[in-house]
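> Chains as they are written, first to last, in our numbering: chain A, 1 to 214; chain B, 1 to 77; chain C, 1 to 250; chain D, 1 to 227.
Any given hint could be a false lead.
Derived lysine-lysine pairs resembling PhoX-like cross-links, with alpha carbons at most 20 Å apart [what the hints assert, rightly or not]:
1) C:230 - B:42
2) B:43 - C:116
3) B:62 - B:50
4) B:50 - C:230
5) A:8 - A:201
6) C:230 - C:10
To be clear, the hints were calculated from the coordinates, so they are not data collected in a lab.
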Amino acid sequence: MSVVIEAKQLTSVRAGRTLFSALSLQLGAGEILHVEGPNGAGKSTLLRIIAGLLQPLEGEVWLFGQPQQHDPELWQRQTLFIGHKPAVKAELTALENLHFQTQLDGANNVDAWQLLETVGLLGLEDIPAQQLSAGQQRRIALARLWYSQAKLWILDEPFTALDTYGIELLHQRFQQHLENGGSLLLTSHQPLTWSGERLQKIRIEHNDEELVYE
Amino acid sequence: MAFDSWQEVIWMGGYGFYVWLAFGVSILAIAILVVHGLLTRKKLAQMAVKKQQQQQRIARRKQQERHRSMVTNDSTS
Amino acid sequence: MWKWLHPYAKGEATYRLLGLWQPWLSGLALIFVTVGLVWGLFYAPPDYQQGDSYRIIFIHVPSAMFSMGAYTGMAIAALIALVWQIRTAEWAIAAIAPVGATLTFVALFTGAVWGKPMWGTWWEWDARLTSQLILLFLYIGVLALYYAFNDARTGAKAAAILALVGVINVPIIHFSVYWWNSLHQGATITKFEKPSMPPEMLIPLLISIAGFLFLTAALITQRLRNEILKQELHRPWAMEKLGVEANDGV
Amino acid sequence: MNKASSWQLLSAVMRRDLAVALRRRSDVINPLLFVVIVVTLFPLAVGPGPDVLGRIATGVIWVAALLSSLLGSERLFRDDFLDGNLEQLVLSPAPLPFLALGKIVVHWLLSGLPLVILAPVCALLLKLPFEAWGTLMLTLLVGTPMLSAMTAVGAALTVSLGRGGALLSLLLLPLFIPLLIFAAAAVESTLVGTSAYGQVLLLAGLMLLTLTLAPLAVAAAIRVSVN
C-alpha cells in the first residue's frame, strides 16, 4: 500500500511545554488514523503541523514521499484541513458561505444548492450563519468534504455539535472517501463507530515533567 | 586640565547645570539597564530553583505510583 | 537541516561563547568610556562659540550613533531569525531592543538638555531630535510587540517582522523629517554638526565613540545571555549554570 | 481539487469581503463620521477665523484620516482569525502575499476611497482655500492606499492578541510620519502658489514601494499569527 503521509520524529514545544517529542506516524491510502488523548495534550497541534500551518521544532512531514517544503502546491491541493473553527462567515447566509467556499476551493462547477441539500440545510439558505446553531454551522464547514478532491483529509473534532443524523452522514462520507483511496486523519473525543482493520489509533499523553516556566 | 579649580569644573563656564544633568541622567539610565540585567539573572536563578522543586515533586509522585502498582501486583499474585 | 550547520544556533554553545567575550567587552567599555568622558569633561578645551556646554557632545554623539546602529543590528538579527529560523537571532531582538531604546533615550535627553542653553528651549523641533524621538517610538513598538504574546516564539517572530518593516522605514522617516525641518525652519544652523573639530576635541570624542561601541556590545551580550538562559531554562545545562542541580526528569 | 488560478481565488476572497462589509455597513460608515466630527471640533476649539483654520486644515484632515484608519483596522483580520478563515487562506494554493494584497485593496475601497470623496466636505468646513482642494484630494488618493497597506501589516501582527487597539496605534503611527509630512507639504505648496508635483510624485513612489513590500510583511505576519 502506498504511503500517503509520513511524519518523522516530530517534536513540538508550545509556550515552553513539550507537547510531544520524536513522534512518528504513517498513513496509507484508504486508511484512517484516529488521534486520541486528553485535553491540551497536543492533538490539534499535531494536526496543524501535518496540515502545514505550524512548524514543528524538529522533524519533518512527507506527503507522497516528498518533504512538505518540496512542493507546497501539491501539498495544498492534496490536503484538506478543517479545524475546530468552522471558517464560516457569520454575516453571510449558508448559501453564500457555500458559494464562496466552492470558489475558494476552485470547485466552480459545484452547485451550492445541491450541496445545501446534501448537508441537510435546505430551507435555511437565507438566514445569516450567526443565527444558525453550532451544529448547523459545522455542517456548512463540513460541506467541503462532499466535493473535495484532496487525498488526505485532516479533521479536528469533526463531530463536535453534530446530531446523530449528522454523525451518520459524515461516517458515510468517510466510507466513500476511504473506498476511493483517500486517507483520513482526525481527532475526536467520541469513540468512532468504526470497525475495520483500516483504523489505526495513536495516543498522545501529557508528559508533565516538561511543564516549564512561561 | 581645562579648568583651574573644582569649582570651575562644577560651574562649567555657566553651563554646569546642563552638562551635569545630561551626564548624570545618561549614566543613570545606563546603570539602570546594567542593574536590570543583573536582577534578571537573579530572578532566573530563583526560577531555576522553583523548577527543580517542581521536577522533584513530579518524580516523587511517579515513584509513589510505581510503588503502589507494585504493591497491588503483589497482592494479586 | 540548516539548523545543525550553525553551531551558534545552539543555546549552550552561544552562551559559552558570549561568556568568553563578556568580561573583555565590559572591561574595554569601562576603560574607554571613562577615559573618553573624563578627557572630554576635564581636559578638552572649551568651544570658542558654545563654551563648556558643548561637552555634552561626548555622550550625545556616540549614543545617537549607536542608537541607530543598534536598530540596524536588530533588523539584521530579525532577518536571520525569519529566513534561517535561528532561535538565537530571535532572542537577540529582545536583547538589543532595550539597549537601543536606552541609547536613544540618552541621545534624546542629552540633545534636549543641550538645546536649552543653545536655543533657549528644552524642546526644539530640530531634525535630529525629532527623528531620535520617532526612533524611540519604533523601539518601544518592537519591545511592546515582543512581550505582548503568551508564546515567546510567536512574539519574537512578530517583533522580527516589525523590526524589518521599521528598518525600511527608518531612512524614509529620516529623510522626510530632515526635509520637513528645512521646509519650516529655513537655514538654521544645526548645532550638533561640527564639520571641523580640533584634534584636542576630536580624539576624546573618538575614544568615547569607541567606548560606547564596547558598552553597547557588552550590554547586548549581558542581555542575550539572560535571554538564552530564560528560554532554555527547561534544559539541564541552563539550570546548572544558574547554580541548581538539574533533576533529569524520570 | 479543481485547478483554480490565483486570480479566481483573489476575486473570490475580495468579493466575499465586500459582501461581508455590505452586511456591516456601520463599520464602514463610523470611521467616516469620526473624521467629520473631529474636523468639526477644531473650529470650535481654535475659533472659526479663516486664517487660523485655513492654515491647520490640511494637518487636521490628514491626522483625522490617520486616526480613523486605525479605528476600523483591528477588524481587518480579526473576524477571519476568529472564524478560522485566516488559516484557510494560509492553506490556499494561491500565494498568500497576493491574497493579502486583495484584502488591502478591499480595505482601501471601504475606508480610503470614501475618505477621498469626503475630503471636499472637510475642506469646506475648515475653510481650506478652494485652489488647494484638488491637491488635498490627490494626496488622499495617493496616500490612503499606503495607510491601508501599513494598517494591514499592523493588524496582521496583532490579530491573535485580541486586545490590539492601543498597541496597534503604537506600532503604526510612527510609520505614518513620512506620509503626513509629504502630504501636508504638497497641499502647503499649492497654497503658496508653487507646484505640488514633486511631493505628490514622492508620495506615489512611496505608495508603490509600500504596496510592493507590505503584502509580503502581511503574509509573514499572518503565518506567525495563525501559529
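> Next, verify each hint and record whether it holds.
Verification of the supplied hints:
1. Proximity of residue 230 of chain C to residue 42 of chain B is assessed by CA-CA distance (about 11 Å); at most 20 Å being required, the pair is judged to hold.
2. Under the criterion of a C-alpha separation no larger than 20 Å, the hint pairing residue 43 of chain B with residue 116 of chain C is inconsistent with the structure, at around 41 Å.
3. For the given pair, residue 62 of chain B sits about 19 Å from residue 50 of chain B by alpha-carbon distance, which is consistent with the 20 Å threshold.
4. Our distance criterion of 20 Å between C-alpha atoms is met by residue 50 of chain B and residue 230 of chain C, whose separation comes to about 13 Å.
5. Of the supplied pair hints, the one linking residue 8 of chain A and residue 201 of chain A holds, its CA atoms being roughly 17 Å apart against a limit of 20 Å.
6. With a C-alpha separation of about 14 Å, the suggested pairing of residue 230 of chain C with residue 10 of chain C holds against the 20 Å cut-off.
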